[in-house]
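One-letter residues, chain by chain:
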Amino acid sequence: LNLTGLTCLILTTCVFAPCVSFAEIPPLRTNEPLYQNPFDLAGGGASMTRATQDAVIFSNPSLAAFGAGFLRSIYFRNALHTNQETAQIAQKVRSGQVGINADFLEKAIQTPYHLGLDISAGFITSKLNIGFLSSSRVDIQGRKFGTTGMPELRIRSYSLASLPIGGSTVFRDTIAFGFSLKPVYLAEVAENLGLDTILSAGTQSLNETVKSKLKRGYGVSSDGAVTLQKRTQFLDVRLAFVASDIGGTTFVGGPAPWKPTLGTGLGVSLHDRDTVLHCAADLRDLEENYKEHWSKRFYSGCKAVSARQIGIAAGLYQGSLTFGGLVNLFIFRLEAGTYTREMGTAVGSNTRRLFFVAIGSEIP
Amino acid sequence: MKKTHAFVFCFVFILTSISLKSCGQNPIFKSAPKDKKESAEQLMEEKKYTEAQVELEALLVEDPNLYESRSLLAACLAAQGGVSLVDLILKAATEKSSTSKATSNSAVKSANPLANILPSATLSNIAFLRKANAQMALIPLAKLTESMKTQASAFLLFETLLFLDYLTKNPAALSTLSEADALKVVQNVALSASVLGSGAASKNPFATLALEKSKTLQSAAGSSSKEKLSTLLEKQSAG
Numbered sequence: 001l002n003l004t005g006l007t008c009l010i011l012t013t014c015v016f017a018p019c020v021s022f023a024e025i026p027p028l029r030t031n032e033p034l035y036q037n038p039f040d041l042a043g044g045g046a047s048m049t050r051a052t053q054d055a056v057i058f059s060n061p062s063l064a065a066f067g068a069g070f071l072r073s074i075y076f077r078n079a080l081h082t083n084q085e086t087a088q089i090a091q092k093v094r095s096g097q098v099g100i101n102a103d104f105l106e107k108a109i110q111t112p113y114h115l116g117l118d119i120s121a122g123f124i125t126s127k128l129n130i131g132f133l134s135s136s137r138v139d140i141q142g143r144k145f146g147t148t149g150m151p152e153l154r155i156r157s158y159s160l161a162s163l164p165i166g167g168s169t170v171f172r173d174t175i176a177f178g179f180s181l182k183p184v185y186l187a188e189v190a191e192n193l194g195l196d197t198i199l200s201a202g203t204q205s206l207n208e209t210v211k212s213k214l215k216r217g218y219g220v221s222s223d224g225a226v227t228l229q230k231r232t233q234f235l236d237v238r239l240a241f242v243a244s245d246i247g248g249t250t251f252v253g254g255p256a257p258w259k260p261t262l263g264t265g266l267g268v269s270l271h272d273r274d275t276v277l278h279c280a281a282d283l284r285d286l287e288e289n290y291k292e293h294w295s296k297r298f299y300s301g302c303k304a305v306s307a308r309q310i311g312i313a314a315g316l317y318q319g320s321l322t323f324g325g326l327v328n329l330f331i332f333r334l335e336a337g338t339y340t341r342e343m344g345t346a347v348g349s350n351t352r353r354l355f356f357v358a359i360g361s362e363i364p
Numbered sequence: 001m002k003k004t005h006a007f008v009f010c011f012v013f014i015l016t017s018i019s020l021k022s023c024g025q026n027p028i029f030k031s032a033p034k035d036k037k038e039s040a041e042q043l044m045e046e047k048k049y050t051e052a053q054v055e056l057e058a059l060l061v062e063d064p065n066l067y068e069s070r071s072l073l074a075a076c077l078a079a080q081g082g083v084s085l086v087d088l089i090l091k092a093a094t095e096k097s098s099t100s101k102a103t104s105n106s107a108v109k110s111a112n113p114l115a116n117i118l119p120s121a122t123l124s125n126i127a128f129l130r131k132a133n134a135q136m137a138l139i140p141l142a143k144l145t146e147s148m149k150t151q152a153s154a155f156l157l158f159e160t161l162l163f164l165d166y167l168t169k170n171p172a173a174l175s176t177l178s179e180a181d182a183l184k185v186v187q188n189v190a191l192s193a194s195v196l197g198s199g200a201a202s203k204n205p206f207a208t209l210a211l212e213k214s215k216t217l218q219s220a221a222g223s224s225s226k227e228k229l230s231t232l233l234e235k236q237s238a239g
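As given, the protein sequences belong to chains R and U, one line each in that order.
Per my numbering, the first sequence starts with residue 1, numbered consecutively.
Per my numbering, the second sequence starts with residue 1, numbered consecutively.
The shape of chain R in the complex, shown without the other chains:
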């Protein structure tokens, strides 16, 4: 991606984000948290026992209670997730140059399009966390044999805005409890366009089709978590339990509800004063409410951070290897890497290799 291309893509997404969100079967978001920090994704997405600050409120709200001092972090981050093909087509979609036709179907069969943009900001203290999140995902895939056997375009997307608030407390540096409430405004499109629709769409653009299928709604998502910790001079061990979307999150206005999930994570950190190596494994949606194979619900990996300035991470995310790095220059933080997202209910059936780049700042 050159700078112009990247700018176009971000602008395109920003135009899409507030008003458009594309779909489901299975839903675009299932057992994953509402938001994941890019560096955590590079580390296999195992964030229940040690999430990067901006993701704490989403991954495990009790984590904020561990650590020293009252103010933990003030952050702002902007992350872009995409594959190469999407970067090339995004500008054309926005300007209505991409039509619903056999040519587009063929391209989408060969390489699905996936685009995501997250903007997060907020501050975290040992007791209270307040944040803002704007998140958008678009996934367009062509299938030779769709739901009923006819070729189809599967368009799935959502855009959401949320003002999460969370609280946490710790006892004897051993057990922490946390909760979060996330009022969410969600707009989504979940549409399978059959060959009959594709062939009869004429000059209708993809942009127009998607806008006409939009569903919008409000809901409040709530999470609760408990984390156990054993600390020594060089080693920490954590065990976490997280309940997400407690009771299910329903939306007034039409979008499909989010199912409640339970997850557990185990993490080990080896550290000295400057350097930390954290390895963890999470298993989400223990009750299998989204009917996904365990391999899609399993996340594991390691993150190494030196002097809070340089980090590298690798892991296993939904059956695929991930890797990435971060550079934190106090007022400027850059994260980049790659991971593979699984769109089916099992590993290897419907994958997207994605690259991400995130810029922002974090104090301290």
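Simulated from the structure, these hints should not be mistaken for laboratory data.
You can trust all of the hints, since none of them are fake.
Here are the simulated BS3-like pairs of lysine-lysine, each with C-alpha atoms no more than 30 Å apart in a straight line:
| no. | chain 1 | residue 1 | chain 2 | residue 2 |
| --- | --- | --- | --- | --- |
| 1 | U | Lys37 | R | Lys107 |
| 2 | R | Lys127 | R | Lys259 |
| 3 | U | Lys143 | R | Lys291 |
| 4 | R | Lys259 | U | Lys36 |
If you only want the chain R side, here are some residues facing chain U, beta carbon under 7 Å, derived:
| no. | residue |
| --- | --- |
| 5 | Lys144 |
| 6 | Thr147 |
| 7 | Thr148 |
| 8 | Met150 |
| 9 | Pro151 |
| 10 | Ser295 |
| 11 | Gly319 |
| 12 | Ser320 |
From the derived model, a few chain R residues whose C-beta atoms are all more than 12 Å from chain U:
| no. | residue |
| --- | --- |
| 13 | Lys211 |
| 14 | Leu239 |
| 15 | Phe330 |
Even for Gly, the Cβ is constructed at its ideal location relative to N, Cα and C.
Position chain U relative to chain R; hints supplied.
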């Protein structure tokens, strides 16, 4: 402290090695979807039609009212008979752009590129399409979605076209054809043309082909359906 640093450096080295090796690779292992329909869809994308058929048939034994799965099974059977709608559409687009390209099915040569890329008119292919149509016929009319209607009509059309092509290549078979069977052939083409040619679907190439064939059959000389077929097949043989 030195030990920690050494460990982290080791870790970084291992990470880099894994990263370089894994760059661009997709999942390091695969797991099968729990949902049989999703599994069948995936198998069909991979052209493993026989395995997909087994999955879908097992699903339909459990619940015969899963109409989407039945429609998917029909597509699976048609694909085994050489008719994959997406391949036909995409090949037709290529065919259209290169008219000089040799056609695989000379007996049904047409101005419509779809007609020239049909699979071979073998009894095996025709039998698979017949099975596909039988599956579509098991779906109640009220449960047919627009996609299913288009698919059912397209399969009916292709079965009929393959059968016509088979008769062209095997004229002796025509003499054993009853008037009732001949009438059914004519009616199938007319039915396909009627469904495919109605509403928004009328712009698709399947509809154009069905309408073209229906018109040719209707205008063929002959007082009975069998005579009309005979005239049409003679023309095609001469052509």
